[in-house]
Every structure is written in C-alpha cells, then in structure tokens.
Amino acid sequence: MLYCKKIMFPEKTIRQLVLVIMLLWWTPVMAFVVEQASSRLQDGAYFIDAAVNYEFTDTVIEALENGVPITVDIHFQVRRADAWIWEKDIVDMHRRRQLRYLPLSESYEVTDIDNKQIKLYFSRLAAIDALGAVKNVKVVDDSQLESGEIYLMEIRSTLDIESLPVPLRPRAYMSSDWKLSSEWSQWQIRP
Amino acid sequence: MADPSLNRSSQSGLFLLLLVLLPLLVSLHLMGSAVQNSDELSKLFIPLLLFNIMGLIVILVLIFTNLVSLLKQYRRRDPGSRLTLRMVLVFLMLSLPPVALVYYYSIDFLHEGIDSWFDVEVDKALDNSLELGKVSLDLIKRQFLRRTKQLIDDLEDNSETAMAVSLVDMLNRSEAAELVLINFNGRVIGSANMNPEIIVPDKLDNSFIQQVRDGGDIASIMPAENQEPMQIRVVVRDDIRPIMLQADYIISEEISELSNTIQEALVRYKELAFLRQSLKFNFSLTLVLLLAFVVLAAVWAAFYSARKLVQPISDIAAGTRAVAAGDYEKLVPLQNTHDELSFLVTSFNTMMRRIAMARDQAARSRRLVEEQKTYLETVLGHLSSGVMVFDRDLCLQTANRAAEFIFNTELEALLRKPLDVIGNSSELLGLWAEEIQVALNQEMTEWREEITLYGKNGRLVLLTRVSPLLDAAGRAKGRVVVFDDVTELMQAQRNAAWGEVARRLAHEIKNPLTPIQLSAERLRHKYLKKMSEEDAKVLDKATHTIVQQVDAMKSMVNAFSDYAKPSKLETRPLIFDDLVQEVLGLYEASADNRQLEISLNSGSASVEADPVRLRQVLHNLIKNAFEAVAEKTQAKVIVRTCIDESRDHRSLILEVLDNGDGFEEDALATVFEPYVTTKIRGTGLGLAIVKKIIEEHGGVITASNRDNGGARLMVRLPAINVETPQLQLNIEPMGEQ
Numbered sequence: 007m008l009y010c011k012k013i014m015f016p017e018k019t020i021r022q023l024v025l026v027i028m029l030l031w032w033t034p035v036m037a038f039v040v041e042q043a044s045s046r047l048q049d050g051a052y053f054i055d056a057a058v059n060y061e062f063t064d065t066v067i068e069a070l071e072n073g074v075p076i077t078v079d080i081h082f083q084v085r086r087a088d089a090w091i092w093e094k095d096i097v098d099m100h101r102r103r104q105l106r107y108l109p110l111s112e113s114y115e116v117t118d119i120d121n122k123q124i125k126l127y128f129s130r131l132a133a134i135d136a137l138g139a140v141k142n143v144k145v146v147d148d149s150q151l152e153s154g155e156i157y158l159m160e161i162r163s164t165l166d167i168e169s170l171p172v173p174l175r176p177r178a179y180m181s182s183d184w185k186l187s188s189e190w191s192q193w194q195i196r197p
Numbered sequence: 007m008a009d010p011s012l013n014r015s016s017q018s019g020l021f022l023l024l025l026v027l028l029p030l031l032v033s034l035h036l037m038g039s040a041v042q043n044s045d046e047l048s049k050l051f052i053p054l055l056l057f058n059i060m061g062l063i064v065i066l067v068l069i070f071t072n073l074v075s076l077l078k079q080y081r082r083r084d085p086g087s088r089l090t091l092r093m094v095l096v097f098l099m100l101s102l103p104p105v106a107l108v109y110y111y112s113i114d115f116l117h118e119g120i121d122s123w124f125d126v127e128v129d130k131a132l133d134n135s136l137e138l139g140k141v142s143l144d145l146i147k148r149q150f151l152r153r154t155k156q157l158i159d160d161l162e163d164n165s166e167t168a169m170a171v172s173l174v175d176m177l178n179r180s181e182a183a184e185l186v187l188i189n190f191n192g193r194v195i196g197s198a199n200m201n202p203e204i205i206v207p208d209k210l211d212n213s214f215i216q217q218v219r220d221g222g223d224i225a226s227i228m229p230a231e232n233q234e235p236m237q238i239r240v241v242v243r244d245d246i247r248p249i250m251l252q253a254d255y256i257i258s259e260e261i262s263e264l265s266n267t268i269q270e271a272l273v274r275y276k277e278l279a280f281l282r283q284s285l286k287f288n289f290s291l292t293l294v295l296l297l298a299f300v301v302l303a304a305v306w307a308a309f310y311s312a313r314k315l316v317q318p319i320s321d322i323a324a325g326t327r328a329v330a331a332g333d334y335e336k337l338v339p340l341q342n343t344h345d346e347l348s349f350l351v352t353s354f355n356t357m358m359r360r361i362a363m364a365r366d367q368a369a370r371s372r373r374l375v376e377e378q379k380t381y382l383e384t385v386l387g388h389l390s391s392g393v394m395v396f397d398r399d400l401c402l403q404t405a406n407r408a409a410e411f412i413f414n415t416e417l418e419a420l421l422r423k424p425l426d427v428i429g430n431s432s433e434l435l436g437l438w439a440e441e442i443q444v445a446l447n448q449e450m451t452e453w454r455e456e457i458t459l460y461g462k463n464g465r466l467v468l469l470t471r472v473s474p475l476l477d478a479a480g481r482a483k484g485r486v487v488v489f490d491d492v493t494e495l496m497q498a499q500r501n502a503a504w505g506e507v508a509r510r511l512a513h514e515i516k517n518p519l520t521p522i523q524l525s526a527e528r529l530r531h532k533y534l535k536k537m538s539e540e541d542a543k544v545l546d547k548a549t550h551t552i553v554q555q556v557d558a559m560k561s562m563v564n565a566f567s568d569y570a571k572p573s574k575l576e577t578r579p580l581i582f583d584d585l586v587q588e589v590l591g592l593y594e595a596s597a598d599n600r601q602l603e604i605s606l607n608s609g610s611a612s613v614e615a616d617p618v619r620l621r622q623v624l625h626n627l628i629k630n631a632f633e634a635v636a637e638k639t640q641a642k643v644i645v646r647t648c649i650d651e652s653r654d655h656r657s658l659i660l661e662v663l664d665n666g667d668g669f670e671e672d673a674l675a676t677v678f679e680p681y682v683t684t685k686i687r688g689t690g691l692g693l694a695i696v697k698k699i700i701e702e703h704g705g706v707i708t709a710s711n712r713d714n715g716g717a718r719l720m721v722r723l724p725a726i727n728v729e730t731p732q733l734q735l736n737i738e739p740m741g742e743q
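Chains C and U, in that order, are what the protein sequence lines are. When we follow our numbering, the leftmost residue of the first sequence carries the number 7, and every step to the right adds one. When we follow our numbering, the leftmost residue of the second sequence carries the number 7, and every step to the right adds one.
There may be inaccurate statements among the hints.
Here are some of the chain U residues that sit facing chain C, going by a computed Cβ distance under 8 Å [unchecked claim]: (1) K49; (2) L136; (3) K140; (4) S226; (5) I227; (6) I268; (7) Q269; (8) V273; (9) E277; (10) F280; (11) L281; (12) S284; (13) L285.
Chain C regions said to be covered by chain U (calculated; three or more residues, Cβ under 8 Å) [to be verified]: (14) 40-50; (15) 72-86; (16) 108-120; (17) 128-136.
Result set (DSS-like, lysine-lysine): computed pairs, CA atoms no more than 25 Å apart in a straight line [stated by the list, open to error]: (18) C:K125 <-> C:K144; (19) U:K536 <-> U:K547; (20) U:K209 <-> C:K141; (21) C:K125 <-> U:K140; (22) U:K286 <-> C:K185; (23) U:K209 <-> C:K122; (24) U:K276 <-> C:K125; (25) U:K209 <-> C:K125; (26) C:K144 <-> U:K209; (27) U:K547 <-> U:K535.
Keep in mind that the hints were calculated from the coordinates and are not lab data. We treat Cβ as the ideally placed atom computed from N, Cα and C, and that holds for glycine.
Produce the entire structure from the sequences given, and follow the hints as far as they go.
As structure tokens, this is what we get:
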C-alpha cells in the first residue's frame, strides 16, 4: 500500500509560500544611507566619491564591542541606462571593509580588505565615518564606455553576514538586526 | 505467486519513504556542519533550514493524512484498522520515550558543555592581563610623554626653519623613530624620521590636533599597522609657541608581541563568549530539527510498518467476507516476504483456488446434466410414443407431450403426484393406471401389454411397455412406462384385411354370379312356355327371385370392390364452400319438414381434391344425417364449415351434425369399419368408404355423439389459399376416432 499516494501537494502554493518566506527572511533593513555620491572623470577614468552613513543596530555594536569584526560590502555597478535586465553590467565591483575593536588600545581598526590597508581610530564614530568614506575609487575607464550613451552608476552598501564568525551566521540570517543595507544610489553619466 | 502490483506499490511506498527521509537526513547533517565550523556550508544554512522545515512539514502532512485515514477506517470498523491503530500506538510508546530522554540529556549536556568552555577565572585572568598590559604601556607612555615634553622645551628657536633643522638633531638624541613639528592649524613645520626613505610624515588626525590645542597632551598606543611594530605616539604642545611636537616611539619587539598576544587572546575569548548564546541556539536548533525528524520518521515508520504487517490479515479478512458472499475469485495479494503471514496468505489462496475449481467443476457438471436433460426432454417431446417415469413411490417424475396428447390431459400439474392421484384426473388415465399398477409394483421386471381402453371419445388401444429405471449401481430407482397409441394402426390393419376380403369376394363370388343369372334366365326362357300355367308361375317367380338376388349380390360385390381397389384421384384446387353449397343445393329442395341449417365460413379457402370423390363423401354424410333424423318430428341437420388455425397448419373443418339417436357407445369405435351399420338396408360400407376417401386426401374424419343428443361427424382437410383472418373456429368438444 502506498500511503503517500493520496497526498496532493499543491506545487504552485508551496512555491508561492517559499517565495514569501524567502522574501520576508531576506528583505534587508535600510539602515545605511549613501550620501553625496558622485563621479568625476579624471585621467581617462571615472572615480566615485561618496559617504556611506552606517547606522548599526545595538546588536551589531554589541558584537563589535565583544571583538566580533564587522564587515561591510560596498557594491559598485555601471550599466547602460536603457539596458535590459539580463544585459551584463559593464562594471560590477565590490569593495569590502572591516571594522574591529582593539581593547588594549581601546581603539577601532578599519581595514580595507582589498588593499590590506589598516587605519586606527580612537572613537567609534570616527571609525564608522572612515568605514563609509569612499574617495577616489576608480570604477571604469572612459574607453569602456561608448560616447553619447547614457550610463547608470550605482552604489550600495550592505553588512556582510558571510564574513561574520560561523556560529553567529545562523542567527544573523534569521534576524533583521543583521540584515542591514542601503538603497541603491544612482546617477547618470554621458561620456 | 506474489501480486506484482502489490509489490510495486509496496516498493513505491518504501522508495518514497527513502526519497523523503534520506535527503532530509543528509540535509540535517549538512546543517549540523553548517552551524559549526564550515565556512562553505554556512552559506547554505538558510536553504538547508528551509529544506529541512519543508521536509518535516511534508512528513507531518503524510502522518496527518495517515492518521485521518486510519481513524476513518477505525470508525467504519474496516478489517485490520483496530490492529493497525494498536500497533501504531505500541510503536510510538516504544520509540518516543527513549528519543525524548536522549533529547533532554543532549540539550542539557550541550548547554553545560558550552558553558564549561568559559570559566570565570579565565575571564578574570584575561581581564587582568589586559589591565597589566595597559598599566605597563601607560608607564612607557608616561615616560615617552615626559621625554617628548623635554624635547619641545629644549627647542629654543623661534624660527620655523631653525626649529625644523633642529629636529634632526633632536631625533638623534631621542629614542623616537619620527619627530614631526606641527603648528596649531595642523600644518607640518618640519619632520625627521629614522627611516630616510620616509620624507612625508603621516598626517596627524584632526581629533588629536584639537585635543592637544586645547591643552591636553596625548600619548597613545598605535598597534601594529600594516605589519609594522607597535608604536606609541606622543603629541605635546609648547607652552609658549603655537606649535606641537609629535613623536613616534617604537615599542620593544618583546613588549609589542606580548601585548598583541594578550589582545588577540582577549578578543578571541570575548568573541567566543559573545558567540556562546549563538552556539547554543545553533546546536539546539539542529537538535530540535533532528528530534522532530526522528520522531516524525518514527511515527511514519510506525504507520508504514503497522499497515504492512496488518495488510495480509486485512486481506484475508476481506477474502473470507468475499467467500461468505459467494465470490471465490478473490485472491489475497501475496506480500513479497517469506514469513508466517506469507504462508497463511498462500494457504488461503490455495484453498480459494480449490474451492473455485470445485465450484467450476460442479457448474460444469450441472450444465452437462442440464444439457442432457434438455436433450432428453427434446427427444421425449418429439417422440410419438408417450413416456412417463415413476419413482420408487410411484410418483410421476416425467411425462412427455405425446403422453399428454394420447390421454388428452395436462400432465405437468400431476408431476410428483402418486399414481392413484394421477388415475383420478381422467377416466382414461384411471383405466390405464389400473392396468399397469401390477407391472409398476414389480421393480425389476420388463412388462409389455396391449391395453384397450374405452372412453367417451371411443376406443383407445395403447401398446404399453414398463421397464425398470436403473441407477449407476444397477439398482432400480423407478419405472419407465412407454406407450404407443396403436388404435389407428390396428384400424389400418383391419381396413387392409377388409380390403383383402372385398377383393376376394369380388373374385370368388362375382364370377359365378353371371352364369347363375344366365342359367336362371335360360331356364325361364326355355321351360316357361312349355310348362303348365301353375308350374310356369312357380318357375317365373323362382327365376325372377334368382335374377333379382344375383343383381343384389352383384351390387354388393361391386360395392366391396370399389372399397377395396386403390383410388385414382384426379385432384385440383376447389373452393370448399362452393363444393359444399353445390351438394347441399340438391338437399335443400327435398328437406320438407327436416330443417337444414347451413353455415359456410371458410370463405375462399380451397382444398386440393378430386371433386367426384369429395362429392361422394358429402352425399354420404348428408344422406346418413337425413336418414338418422327420418323418424324425428323436429329433425335438424346442421352443415357448417370453418378454418381451424389453432394448430401449426391451417385446416378446413366440415361438420355434419344431427339430432338423431346418435351412435351406440359400443359401436362408436368401429363406425368407420366395413360391415358396421345400424340401418336395415345398409351395406355397412358407407362410412368406411368416406373415411377411405378422406384419408386419401390427407384428412381425418371423426365421429362422436353430441352432448345434447345426436351424431357429429367432423372432417378435417388441409387447406390452401386461406385468406386471413377467418372466422373463429367454433367446434363442439369431441374425441378423435
């Protein structure tokens, strides 16, 4: 006797349910704000300057004070303004920075993970400001862009849960305190 | 043999079980790894968690469905449902308590284990180490602060250029790695570095400048940055001039390393302490999911196992119900196992097959018997001989149609009735039963007898044979009586004998008559004139008598000759009513006071007949009828025709009835035989010739007495060209002769 024969799972309903759960689960809290984002053409390349205002939750600050390194991801994108959704981005670049508390010196260490540069700050606010300071970040060469075409430059920053210690990740995945992000900040350029 | 569909179904159920449980188990294992130390798997934590929850929901739904189904079966009192429910409960009672115990102690052990990683003493020691490091570094910081203050106090020049030049000298005198002179606006006046490659010093942080400008000197630890050794940065202001001096001192490698070690250990410990709750949560979550998996899998397995175990018993119960309902085709599906239940099912199926075979054999035998019975009934039904079968108690078991026809009695109602009851049903049967009673009582004796019976329809001669009816063992179980109506046969034999007599009479008597007559006439002619008047008178009278009687004898012999010689018929289609009307026309005029009633209803129906011979029949019958009523005051002769459609073939019926004295009962059976007459002058051949002519035309003639007096003669002839429908036959009851 096949005991499971009579059970009919409505596949569509289950798919929708999973989608809703995933959306609720993965919808980040917009705690970060990208301010003063701009680009400039210099020496044949486009550079981006911006300031990301990080408003970390108490849970994140508590983890930071207890020695947990906090990593943020700054995501840069350049694509044609009227590009279809499946069109490949011209630039899709990530920059990651880590904030860490040093109890001996009672200072905060900001590390640019990509170029291994470390800066020390004696106040948390200064360190967080430095964490969000985007200056002279080269995103694309002018030669990569077609003259006369309108392009969309985008920047966004998120808290990188994947960089948290492994034991903390499950709770971070399931808690809105850790799913922090900013909206995409966009502007257009015409080479 | 095992039922393939059942095996497939069972395997499918097991396959589905494994299909759901195995991936879920693997997923749980991966999730367990993900919450521990696997960087790669931790990225799959949420998908794994969702997959596990969905899998558990699927099992939960399956269990719920099974439970609802089982409860419904229980309420319907389906076979096996009670046993299944009991087994499920037993399985659960056996499996759940150990699992719950393991879960409780696992959670307890987990929490205790994780908490035991963190000791208060260790915590305190690490804090103290950090404090010691801080104190030690504070001493060094104060020392470097004092020295740096001394350096800026020693700087006597007021010119920025001179002060910048003096810095190199000051660097050589101090232990600093770098000296930077800055004004209150943060502008670097001059710098000197032990490393000649570094020309431009690091820009001092604005917060530092602000703090120093406000009067607070700073001595701060600069931890290893970019793989550099730990430094202490001191920034002091000049009490008079708006300048400040930044001096970076490199801490000894040993102190630097020790400090870093303490700091890393402390950070690591604090991080672990902070992650303690997360670890507990992760392990608890994994354990809860594992517990749920084990419990749900156990419940499902309980349902599966219970049903699988109970299934053969339920099948056998259903099979016995089917047998009770008369369905022997229902076989119990055989499980693909080799246990006692399988043996039970096999035995049950074997029993069912044998019962079905026995039933089929019985059905075949019954069908064969029925076929034979039908065959026998058909044969008996078409036999001209009457057949009756009696059992040991002389109760009638079988009677064929011929028997009913011979006795003119419905015998079906007399089946299983004893002989005396049968005998009471009709006069003829009663007489016949008396005759055969003796023979029927002798079980093993063959008996044969010609029985003559006299009923209201005349004489009936039955050639009767009684034989024993034997069973397979040769024992008599009844009697078979076979009888033939040989009345007609005997009549035919008698007619043939009379024909032979007539022929011989014609030959032996007619031939001598002519010489006798001639001799008498010669005697008369020769001696009449020679004799005396008196003698002549005697001779004349004697010869006259001789000639007259010889003529009479000739007529009689001719009549016999006509009766005996075979007829040469010249037949043609005749409209029967026209022929009857033509003959009756001769009698209507001379009917005088005798009433002749004519009713001709056969329309244009014809007969294939010789008109001369048929006229002879009509004349004879009508003449006899008139002669029969000659002495009656209210004489009445009825002649009527009609068509009889009550039999398989259509017949023309001619009836001649009178209200005379009718036939004597004893003579009724022989009225058609030669030399049987009630008339003084009759030859006794009239009705015999009529019967002969009718039979030559394929018909029959019967004679009977009417209920209210008088004779009735009925002629039945095969009809042709009948127009339907015709008037309904209205024949008075009679017996065939």
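**Item:** Numbers of the earlier hints that this structure fails to satisfy, in rising order
**Value:** Hint 14 alone not satisfied by this model.
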